[in-house]
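Enquirer: So the chains spell out like this:
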Amino acid sequence: ASGSNTAAPAAGNSKELYIALISKGFQHQFWQAVKKGAEQRAAKLGVKVTFEGPASETEVDAQLQMLQAAIDKKPDAIGFAALDPKACIPLLDAAKAAKIPVVEFDAGCDSTVPLSIAKTDSKAAGALAADNMARLIGGKGEVGIVGHSQINSTGVERRDGFVNQIKAKYPDIKIVDIQYGDGDHLKSADIAKAMIAAHPNLKGLYGTNEGSAIGIVNAVGELGLAKGKVTVVGFDSGQAQMDAITSGVMAGAITQNPIGIGEQTVQAAYDAIKGKTPEKIIDTGFFWYDAKNMTEANIAAVLYK
Amino acid sequence: MSTQLLTVSGISKSFPGVKALQDVQFELNRGEVLALVGENGAGKSSLMKILSGIYSKDSGTILFEGQEVDIDSPKTAQKLGISIIHQEMNLMPHLTVAQNIFIGREPRVGIFVRERLLSRQASELLTRLGIDLDPDTLVEGLTVAKQQMVEIAKALSFDAKVLIMDEPTSALTVAETETLFTLIEALKATGTGIIYISHRMDELRRITDRVTVLRDGHYIGTLEKADFSIPKVIEMMVGRPIEEGARPTTRVREADDIVLKVEGLNTRSLLKDVSFELRRGEILGFSGLMGAGRTEVARAIIGADPRTSGTVEINGKAVSIKKPSDAVALGLGYLSEDRKQFGLLLEQDVNTNILLASLKDYTDGLGFVHTNKGKQTSRRYVDSLRIKTPSISSTTKNLSGGNQQKVVIAKWLARDCDILIFDEPTRGIDVGAKEEIYRLLNDLAAEGKSIIMISSELPEVLKLAHRIIVMANGRITGVLDNEEASQAKIMDFATRMGHEKEAVQL
Amino acid sequence: MNASTVDTRAPKIVDPETKKTRSVSNFLQAKLQQSLAFATLVVLLIFFSFANTAFFTWSNISGILLSTAVIGILALGTTFVIITGGIDLSIGTGMTLAAVMTGIFLVNMDLPLIVGVLGGIATGGLMGFISGFNIAVLKLPPFIATLAMMLIAQGLALVISGVRPIYFTSVPDFKQIALGTAIPGLPNAVLILFGLAFIAYLVLSKTILGRYTFALGSNEEATRLSGVDTRRWKIMVYTFSGLFTGIAGVVIASRLDSAQPQLGSGYELQAIAAVIIGGTSLLGGRGSILGTLIGALIMSVLINGLRIMSIQTEWQNVVVGAVILVAVFSDSLRRRKAIF
Amino acid sequence: MNASTVDTRAPKIVDPETKKTRSVSNFLQAKLQQSLAFATLVVLLIFFSFANTAFFTWSNISGILLSTAVIGILALGTTFVIITGGIDLSIGTGMTLAAVMTGIFLVNMDLPLIVGVLGGIATGGLMGFISGFNIAVLKLPPFIATLAMMLIAQGLALVISGVRPIYFTSVPDFKQIALGTAIPGLPNAVLILFGLAFIAYLVLSKTILGRYTFALGSNEEATRLSGVDTRRWKIMVYTFSGLFTGIAGVVIASRLDSAQPQLGSGYELQAIAAVIIGGTSLLGGRGSILGTLIGALIMSVLINGLRIMSIQTEWQNVVVGAVILVAVFSDSLRRRKAIF
Ligand SMILES: Nc1ncnc2c1ncn2[C@@H]1O[C@H](COP(=O)(O)OP(=O)(O)OP(=O)(O)O)[C@@H](O)[C@H]1O
Ligand SMILES: Nc1ncnc2c1ncn2[C@@H]1O[C@H](COP(=O)(O)OP(=O)(O)OP(=O)(O)O)[C@@H](O)[C@H]1O
Ligand SMILES: [Mg+2]
Ligand SMILES: [Mg+2]
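Protein chains in written order, with this note's numbering: chain A, 182 to 486; chain B, 1282 to 1787; chain C, 16 to 355; chain D, 16 to 355.
Derived by calculation from the structure, the hints in this document are not laboratory data. Since the model is a prediction, treat every value here as computed from it, not as a measurement. Ideal Cβ positions, reconstructed from N, Cα and C, are used throughout, including at glycine. Check before you lean on any hint, since a few could be wrong.
Claimed, not checked - Here are some chain D residues pointing at chain B (derived, C-beta under 7 Å): (1) Leu128; (2) Thr222; (3) Arg226; (4) Ala230; (5) Ser233; (6) Glu236; (7) Ala237; (8) Arg239; (9) Leu240; (10) Ser241; (11) Gly242; (12) Asp244.
Assemble the whole structure, with the sequences as input and the hints as a guide.
Expert: Now the structure itself:
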């Protein structure tokens, strides 16, 4: 694809190394935290990074266009989080042809080009949420899920990890409903309220990202339910979830380590530029946090507002 | 000079490619009616739009009561006391009659409209003017004629010093016209100066004091009442004498084939049991007061409006016409009375409009349109109908009203239908063009085409129609042969509201 | 033609009787879409009540009303715009920008509650004003002018907030605006919705602004030629509608107790759908506030009912689309002039 | 009529000179928006070329063209709909449904490539047909009819695909449709775009469908009374436009080598914006294919340029909105017929 490789270097990168990061989104706090981690590490390494992603995590096509534009900018390395594992293959080949090293974060492309990936096992994280939910509701009862996406990988894996774990290990827990609110706080709140209305015996609700979880928190608040009537388990971090956990409306949540993802991605890219081979899979981990452990140093470090 | 209300001189105005007015002058005195006449496109409406602040003039001066004025917006004109009834309808269909009349001048308390007072004021105005309209009905449900009455009421509500009427009677029938003339007399008496534009020559003698003639954007002259005669005015207008035609000379014989037979036509809103026949080569006139249902008959026949019952036969065969395209496919064309709403693609060029009904004739099997052949046709009709347009690719909207009407006629001529329904074909058309259209209708009939001509102008019906059907209140109240018809007889039938139905069995 | 031959005693052509029938039928016609929309609403209510006992509980009904609030307020404002024959696609993201600005005023700048709230509302008004100016003075087509405004508002909301939600934790009273219960059991947001509906009704049907709103949509050129300053009034309409967008921004921020800068796009289509289901014509000149309220309720009852019934999310859109078609089809019955 | 009976000595009112001036000025007027849009495009190209050397490279230009393909194809089809005075909001999700159906045909049902592709295109045509029917026969307002169709298509795409992308790995040739290079260096999708633009141009300006498209948008009732079966032709226009939606579905599926069932919403607004920037009027009756192509290019050049310049994503929308306003403002200059 890159017909004219007349090595005219892109402006500004003659001295400073430049790493282009193409994310799955930018508006969610999760991605902002990844961005923050990336910028922190970039500052430390003295390289330049740009961070962009489509407005919503359904825009596979727009993301490819961003990747194409990034390749045309001829950066020293590219960090990429694939919205779709297949559509990206030809462009990563193009990056290779242009001799731009590629590292991945959060979700990978089915390609041999990328040198490494910094990510979390979302299914395992979902399972951890299930374990905690089961513990909190005493191993039996009805549970509902407010998802943020039924199609993008984090949405699907966080849901499936939860569902499979419940099915496998907690036969007395019944998942009575799964609906999706696009991570929209208002929609998620209305969905949660409808679920609570439809299932008066509901013991627990699981929200698969920040918007979904906060939607549930809002629903519980608006219905004026007694604390603990419905056990709320969330995902991701952010001011509102931390507040909800402090106040007891939310029992706890899973957080990944987006800042760490950002840092590791830039580090891996930097290593690749310098000719070092980065580790193939960098697991940045995930954590259950609740009112008890929130202030502990290792947990506080992975939480973000 | 205190009688001088308005002195206009040296007015010029050009539109892209058109010099609509060149060095035009006239003056208007208090308490007089000045008629402004000229062929279609002579520039009458343009001149009036300048006076009412819609167009700006390129040059010239306007003295209002001796003072030079700059009329830069409709509001300024209103403030000066210049009020206008536009040639084209300018109402808000979704508002009521009262709301239309007082738009922009609503009685209010603070931000609230005093709706009841508004309605009462309108009601008083309408009563004073002798116009029979409920102030609280929505304008969209009114016929063209009634809408015109609303416009008139609106213009008169201003107590203006200068009242401009641009073809106010083109949509009116005799009774409404009469009401209007009475109003004009009354206004004259209070000192209002009236500028009156009309293509109906007979009206001029009735109400005007002086006549100013325009031709092709130029001032030709002004005639005082004393030396005024219709042939003279016409000669000034067209630059050549025109002889008035007589009644039809050809006769339609009983033996001629019946090409169209309508039986027992009913519609939900108005028509009751309408039946008639049309013979080959016949011009069948439809007469009646406004709202008599003539337009509705035409629309029901061609399938533009729903009918509740009724059969149509063409050339002796029963046909099923469900939509206008069925009618046209059977060789039945309808030329609507409202060219702006139902006749023209105003934003498209003349060529497109002329070819609209016959486009398929210029299309090959693959759907490609053969443009050149079509353009030739268009040019032929532009020439033969003397449509005044810079070219066939000019936007139709910019043509004067009369020339727009000719474009609609050209469209149907190009389609070459065997049966043509002309609804008010000469509405807003100047005398010269009218004669051309009359000749055209006669020629068409002589060629063997059959024509239904709906018209509110009795002289023209008498002049052209072999037979005249008179309608009132959705019924046919009379059928007259041309020889036995007279204006008085037609009016007699036109005003039978149905109670005397037995009396009119013919 | 010699008019003196005309019988001037010509009887009135329209006798009072026909006139009456006519106006009654006009009235009925005008009410038809509204009533059919209302019928749709009732059918939905009955259907869902039987389908699931959880539906017709006070808690769920008040939940439906609360969930109608934001879309409903947006729809009320945009009803005016649509009656003028215009459209406003910026109300969704404009609402978000108003919410973000409220957050900036109250949280970052620590202004008094009332000032912050008015500031948020004014943000909506300002956007409406700009759109109105672009449309009325620069003569941009409403669709594209407000589409551009939609993108701009979306971008600005993110930029101004720093791509981060603004939490109103420091302003505990703020939450009460939407969620307080001046009437026990009924969130204030619902009262705000109905209060605004009443105001919108008054303005639309009793004031000069309402009159010109209809006039503009009916025939703008004629309105202008009648000496009405159409530019000014059009700007007023968009500004007025913008104030509703601003209020919706405050309400959603209050309900979420935060300004979420990435929300809002998509809300405009829901609000417009509500307006049209309520019988307001996109061609302008025709519409009503009651209809809009009913339209908004149809949307939220439908969505709530599907959720209560645990219909799969992917099917929900299909059903909503189908119901919109059916609800609006009734309107077409009125306009359909088939041959029979 | 027998033309010879008419007075042929009638003086020609128009002298050749005025005729010429007039038509030149008409021509200029008609071309103005197009030329201004074109000027906007050139300004953008020049600006970005100077702003960043990476912009004006063959790889990037061909990337821009490729990224124009999908929106461009949608815009081409919807130009017809907009010229009739209608709108189609379902093209975005409709494209997705077409992509999903292509996947079903090719992957799940294992049909031959050509059959699957035609099936996908036909899916678009069918949706267009249904919208056209709802609009022309049931007389639903286009905005709401296609809004409902948008929701239905979105839901169906998810339902039919089982809420999961369909990968074309089993049909390796499928990818070549968009990404093959019949002309070296230029993806086929770009050729498809230009090919379709040529076809659309032919249809719009040379065929009877094109003529009636304009006529419908100018005055539907007058067209109907002129004996044109407006219902039939309107359905044809929506169906024709739907075929483009179907093709866009195939192209995007081929480009992504997968049918992504959740993609698509938002594309309709971009495509409509492109059409309007290109000078087609939402009021109907006026528009051109060349303009649409330019409009689509403006959008993608702008977005690409901002990306190449590494403008922060949150600012990009603000800039795009502002450029849309400027690009369309030129159109208003022409229509602004103030008092002077
Ligand atoms: N807005 C416009 N743009 C371009 N040309 C125009 C415009 N308005 C009027 N014209 C042209 O100016 C000339 C005068 O038109 P005008 O409407 O004043 O004629 P008129 O005397 O009122 O004719 P009619 O009796 O048919 O109404 C015509 O050639 C017309 O085409
Ligand atoms: N679609 C309609 N709905 C209700 N009433 C209608 C409709 N169309 C026409 N009418 C009414 O039917 C009556 C007949 O109108 P029509 O236009 O046929 O009369 P006309 O004899 O042609 O008179 P005119 O001189 O006004 O054209 C009028 O009172 C009109 O208001
Ligand atoms: Mg005139
Ligand atoms: Mg009539």
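Enquirer: Determine for every hint whether it applies to the structure shown.
Expert: Here's how the hints hold up against the structure:
no.	hint	in the structure
1	Leu128	violated (28 Å)
2	Thr222	holds (4 Å)
3	Arg226	holds (6 Å)
4	Ala230	holds (6 Å)
5	Ser233	holds (4 Å)
6	Glu236	holds (5 Å)
7	Ala237	holds (5 Å)
8	Arg239	holds (5 Å)
9	Leu240	holds (5 Å)
10	Ser241	holds (4 Å)
11	Gly242	holds (3 Å)
12	Asp244	holds (4 Å)
The structure fails hint 1 only (numbered hints given earlier).
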